[in-house]
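Number of protein chains: 2
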Amino acid sequence: MSNQTIHVAIAGLGTIGSGVATVIQDHATKGSAIQLVKVLENNPEGSYAKPLYQQHPNLFTDDYQSIVTDPNIDVIVETIGGCTFAKTLVEEALKHGKHVVSANKDLLATEGKGLLELAKQSQKHFLFEASVGGAIPIIRLLENYLSLSDIEAILGIVNGTTNYILSEMDVNNLSFETALSQAQAKGFAEQDPTNDIKGYDARYKMTILIYLATGMWLPVEAITVEGIDTLELPDFDYANRMSCKIKLIAYFSRENNQLQAFILPLMLPQEHTLAKVTGSTNIVAVKGKYSDEISIVGKGAGSHPTASAIVSDIYKTRGPVVPPPFRETDVLYQLKPFSEYVFKHTLRFDAYDQPGIVGHIGTTLAKHGINIYALEQLPQYHRHSGNEDQVIFTLTLEACQEGLVQKAIEEINTAPYMAKSVFVLRELCH
Amino acid sequence: MSNQTIHVAIAGLGTIGSGVATVIQDHATKGSAIQLVKVLENNPEGSYAKPLYQQHPNLFTDDYQSIVTDPNIDVIVETIGGCTFAKTLVEEALKHGKHVVSANKDLLATEGKGLLELAKQSQKHFLFEASVGGAIPIIRLLENYLSLSDIEAILGIVNGTTNYILSEMDVNNLSFETALSQAQAKGFAEQDPTNDIKGYDARYKMTILIYLATGMWLPVEAITVEGIDTLELPDFDYANRMSCKIKLIAYFSRENNQLQAFILPLMLPQEHTLAKVTGSTNIVAVKGKYSDEISIVGKGAGSHPTASAIVSDIYKTRGPVVPPPFRETDVLYQLKPFSEYVFKHTLRFDAYDQPGIVGHIGTTLAKHGINIYALEQLPQYHRHSGNEDQVIFTLTLEACQEGLVQKAIEEINTAPYMAKSVFVLRELCH
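Protein chains in written order, with this note's numbering: chain A, 3 to 432; chain B, 3 to 432.
There's no promise every hint is true.
Copies of the same chain look alike in the list, so a pair counts if it fits in one copy or across any two.
Dumping the calculated DSSO-like pairs for lysine-lysine here, alpha-carbon to alpha-carbon at most 30 Å [stated by the list, open to error]:
(1) 291 <-> 188
(2) 291 <-> 40
(3) 32 <-> 115
(4) 122 <-> 318
(5) 188 <-> 422
(6) 422 <-> 289
Hints listed in this document are in silico derivations from the structure and should not be mistaken for laboratory results.
Quick caveat: nothing in here was measured; it's all calculated off a predicted structure.
Please work from the sequences and hints to get the whole structure.
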């Protein structure tokens with residue numbers, strides 16, 4: 003590690019890239035060793051880029067070749083996003099002997115294996131602390147602190163947009179649509195919110211965390227995901243009556259050589275550490291065999307928090323390039339099929355009111371060997387729609403395998419009284 | 003960083019040392035590079051040492067010279083405690099070219115400067131992650147992650163014993179004495195609990211964190227400390243009515259070149275992150291200029307969590323010895339005198355009931371220019387003691403400087419109606 007100046011180029015000056023520029027310039031006034039020497043941006047008049055462009059137009063270029071081949075540049079910060087041009091840029095940068103720092107979880111989750119292999123061959127750093135949990139140093143915790151074979155489980159709230167929406171639905175009784183519009187108006191949600199609300203963003207992040215805990219890159223699609231867009235207000239009422247909170251949880255656990263992983267809205271007991279995290283805050287809790295549970299809470303997104311993590315990675319490039327300890331392992335893990343996971347299931351039925359519904363559901367569940375733990379049909383959930391009366395009722399099952407419940411639901415969904423498919427919410431049961 | 007075996011000696015096989023031995027032996031079965039080769043313990047028949055001694059008597063020695071001079075030992079783990087023999091051992095170990103890993107906060111806080119200087123000269127690691135917050139990786143966070151000049155404040159609950167006692171007093175209405183006895187019976191408090199309940203343990207830890215954030219070793223005594231042994235149940239009742247929780251807070255902040263630091267029981271709003279941490283759990287929250295607030299929560303003590311941090315440090319000795327970034331700074335910080343700190347003070351008066359008390363107190367406070375924010379005298383706090391009736395009443399002041407309040411209290415304490423000195427509890431006011 004030397005104290006020589008680190009020459010940095012930022013590729014993509016949007017919200018995060020411009021934050022990185024701000025932090026670098028602030029640190030420079032305090033004698034920091036980082037110097038910003040180039041910015042790759044094809045729209046320097048954009049709202050984030052413009053202030054820097056007006057001050058230092060000579061920093062800007064739209065030619066990425068000139069950056070990756072510039073012998074004066076040590077580190078390229080990739081804050082472009084997406085997997086096409088960003089991938090090319092990272093590859094070319096590593097091939098030309100640059101260190102790369104990225105906040106791009108999509109790129110890591112889908113192309114991480116190849117890019118890290120390339121970085122290893124090039125003996126360069128490819129660092130990505132900012133890709134999960136913004137300012138939260140979860141990557142370092144998993145890579146450099148905990149003994150990896152000791153990690154038994156990771157539970158995270160790693161998407162601030164959905165956590166904000168869930169908090170608003172719970173606390174202020176907003177419908178999903180209203181809460182989403184509000185999040186968009188406040189800049190907490192993108193105009194196309196699909197990646198967030200469907201859980202895909204959280205899944206990219208969990209794929210990265212699983213790699214750090216096991217050394218394995220699971221195919222993103224192998225991890226079961228459900229979003230939050232099918233949740234309705236009665237679900238929050240029910241959860242509260244059960245002393246629970248609904249959170250979109252990214253989950254990983256390891257037992258012997260079997261892995262479990264999913265992204266699901268879960269009911270968590272309200273005293274659970276993760277149940278207490280509200281708004282756009284992120285949390286990652288790691289359960290270790292010896293360390294017990296360590297949880298880190300902080301701003302999971304935003305220009306400055308994310309930039310703070312990126313700048314920390316830039317400093318880290320001064321250190322030697324070393325493989326993380328887990329690469330020494332040769333354990334092969336298997337992802338357990340989702341149908342074998344055990345949950346305590348809560349089912350919401352939206353049905354056309356008629357005699358015999360409870361009887362039919364009860365009988366069908368019993369046929370599959372499933373026991374009922376709690377059942378509730380409340381007067382306020384009678385709805386009149388067209389010629390029909392609709393009712394909602396909710397039912398919690400005793401812990402059982404996912405596959406069993408799916409079979410029973412499949413059968414119940416075909417019943418003529420069902421106004422829409424059964425909605426399933428789950429609780430962990432260990 | 004090589005994959006060669008790291009040969010380790012543990013000095014002191016008490017609760018933590020024996021935990022380290024357990025983790026090393028467990029990891030060895032998974033192909034870890036750490037091997038335990040010696041144990042320094044003059045009482046191998048003690049309850050923690052005995053199981054290992056019976057299995058591997060040949061590992062044990064009571065001659066520390068044989069360990070520090072053994073060319074086959076790479077790392078010495080110091081889990082002896084105290085500052086006399088532990089200091090000699092660490093010095094001798096570093097002089098003989100061993101890396102040292104320690105969990106000893108007393109030693110660090112009082113002798114850290116000299117020992118780290120010696121480690122630098124010897125080009126050896128002297129690591130101490132386990133000295134603060136047990137399994138919580140707060141040392142690494144400050145040393146390697148956050149840009150140090152960006153750290154604006156650190157707030158911690160770093161003593162599990164006192165947090166357990168405070169939780170019991172608050173939730174179960176136990177007196178301080180009963181809660182302490184219970185903590186001792188459960189093994190959460192030592193037989194001589196002075197270091198914990200007086201806040202000295204927390205002060206050692208905060209001294210270490212301040213060093214990491216500033217590069218300066220403050221003299222331990224320079225940091226204002228108050229313990230929890232003068233808190234009474236009416237204080238918790240009052241705090242709850244004010245929607246607050248009482249916590250023993252280790253505090254550090256930096257503004258320009260001025261530092262503030264203290265260990266005090268504080269009233270925290272109940273929605274404050276630290277107010278929600280109960281029982282023996284630890285939390286450290288770091289406020290950064292760009293990272294916003296990052297908090298880490300986990301087990302702050304205990305054999306296995308602490309051992310987990312020590313083993314992490316042992317692995318770290320494989321990396322190069324590098325000075326942490328802050329050593330490059332030449333900023334000199336000044337500790338602001340405690341009398342200039344601004345708090346919102348709550349005063350508890352234990353007085354002999356007689357006419358004119360409120361009038362006298364009000365007049366005295368006004369004379370010093372202090373405004374009253376809230377005042378409460380409740381019927382249930384009338385006590386009959388000997389020939390006298392005693393009353394408790396409680397008063398919260400508007401935010402003002404500590405020195406001003408101290409002067410007013412000094413005057414009030416001399417009044418004939420005071421049964422004992424005014425008890426002061428504080429709230430942060432920013």
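**Message:** Taking the earlier hints as the rules, which of them does this structure contradict?
**Reply:** 5 and 6
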